[in-house]
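A.B. asks: First to last, the sequence lines map onto chains B and Z. Residues 1 to 186 in my numbering are what the first sequence spells out, letter by letter. Residues 1 to 186 in my numbering are what the second sequence spells out, letter by letter.
Since the hints were derived computationally from the structure, they do not count as laboratory data. Honestly, I wouldn't trust all of these hints.
Since the list gives no way to pick out one identical chain from another, each pair is judged satisfied if it fits inside one copy or across any two copies.
Straight line, CA to CA, 20 Å or less: simulated EDC-like cross-link-like pairs of lysine to aspartate or glutamate [as the list claims (entries may be wrong)]: (1) K107 with D33; (2) K173 with E158; (3) K107 with D9; (4) K155 with D165; (5) K155 with E120; (6) K107 with D84; (7) K107 with E120; (8) K7 with E120.
2 protein chains.
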Amino acid sequence: MTTLPPKHDFPVSDVRRYLEPGPIVLVSSRWLDQTNIMTMGWHTVIEFAPALIGCVIASANHSFDLIRHSRECVINLPTTRLTDTAVRIGDTSGRDIDKFQGFGLTKREATSVQAPMIGECHANLECRLHDDALVDKYNFFIFEVVRAHVVRAPKYPETQHYTGDGVFVVAGKVISCRSLFRPGML
Amino acid sequence: MTTLPPKHDFPVSDVRRYLEPGPIVLVSSRWLDQTNIMTMGWHTVIEFAPALIGCVIASANHSFDLIRHSRECVINLPTTRLTDTAVRIGDTSGRDIDKFQGFGLTKREATSVQAPMIGECHANLECRLHDDALVDKYNFFIFEVVRAHVVRAPKYPETQHYTGDGVFVVAGKVISCRSLFRPGML
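Put together the whole structure using the sequences plus the hints.
C.D. replies: Take a look at the structure:
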């Protein structure tokens with residue numbers, strides 16, 4: 001077993017750094033005595049402050065009920081060391097297995113929500129349901145990130161982005177265009 | 001001037017291939033005699049069929065009014081050959097300049113919407129406004145992709161994904177995990 005990387009508080013208004021590039025994420029949840037993890041690729045930043053994230057959690061998922069009842073979750077960012085695990089998590093149902101145990105992942109207590117954080121992930125974003133207006137129609141949840149914990153280095157971790165049909169593209173190479181931006185546009 | 005790559009019809013229910021990885025996109029619009037382009041990073045797939053895309057278009061943008069009135073746009077996918085252009089488009093306002101002319105981009109007529117397509121982009125997704133329920137509250141638009149035109153090769157173009165603060169990560173490397181997926185989960 002490898003040592004889990006230490007994490008540090010991170011400003012919630014800056015979580016775009018991890019989510020705006022569009023990686024797949026692992027969503028962990030808890031309701032009563034059940035916990036679960038799902039793999040999610042359909043999400044977007046919606047606002048900086050409050051730090052709002054919109055995402056689709058299909059109603060057929062076991063996580064849908066846990067999150068709808070608890071109105072909380074943690075969005076965890078896996079790096080490419082966890083590609084296979086993320087696929088297997090998406091390929092199984094929490095109705096059949098305990099995914100933390102089944103995939104050897106470490107539950108860490110969050111500070112502001114009951115949902116567990118995944119120790120092996122690069123970032124853990126504690127989320128509370130902010131607006132469920134589009135849940136019935138599109139399974140679309142808007143969460144507020146209320147606390148964020150991230151590994152300090154690397155600043156831009158290598159992440160996987162799903163294209164469908166079993167294929168991911170990997171984002172790793174970093175390019176800075178700071179000099180091209182007007183100051184207010186960064 | 002380089003020759004523009006030929007494009008082919010692409011099934012709208014498969015446009016996740018281009019959008020789900022989370023690249024920045026260029027949104028083109030037309031209202032009366034005005035056209036415009038904006039750079040956008042806050043978007044997500046919402047449904048396969050109808051092919052729904054949710055995205056944030058801030059009300060301060062000139063494009064907001066053009067799109068709110070016309071209820072249409074084209075989502076264009078730039079590859080990394082257009083990184084600098086995408087930044088400059090995001091850094092300027094259509095109130096001040098004609099962005100097609102100013103950045104040397106080619107207007108192509110769309111087939112199902114009045115908004116122009118950007119010839120230099122890898123994919124052009126013609127969109128109609130499907131649901132504006134969250135526009136007033138979050139500037140969040142839900143579009144239906146009604147027609148898609150894409151360059152056939154490369155199948156997975158190199159794209160740029162914004163992290164904030166002037167920094168992009170580039171997604172290019174492709175990894176297939178097809179063998180890990182259960183058939184129904186692809």
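A.B. asks: Each of the hints needs a verdict: does it hold here or not?
C.D. replies: Hint check results:
1. K107 with D33: Within. Shortest intra-copy distance 14 Å satisfies the 20 Å Cα cut-off; inter-copy 57 Å does not.
2. K173 with E158: Both: 8 Å inside a copy, 11 Å across copies.
3. K107 with D9: within (18 Å within a copy, 46 Å between copies)
4. K155 with D165: Classified as between; 12 Å across copies, 30 Å inside a copy.
5. K155 with E120: Within one copy only: 16 Å inside a chain, 32 Å across chains, cut-off 20 Å.
6. K107 with D84: Answer is within: at 19 Å inside a copy they meet the 20 Å cutoff, but 42 Å across does not.
7. K107 with E120: within (9 Å within a copy, 47 Å between copies)
8. K7 with E120: Classified as within; 10 Å inside a copy, 42 Å across copies.
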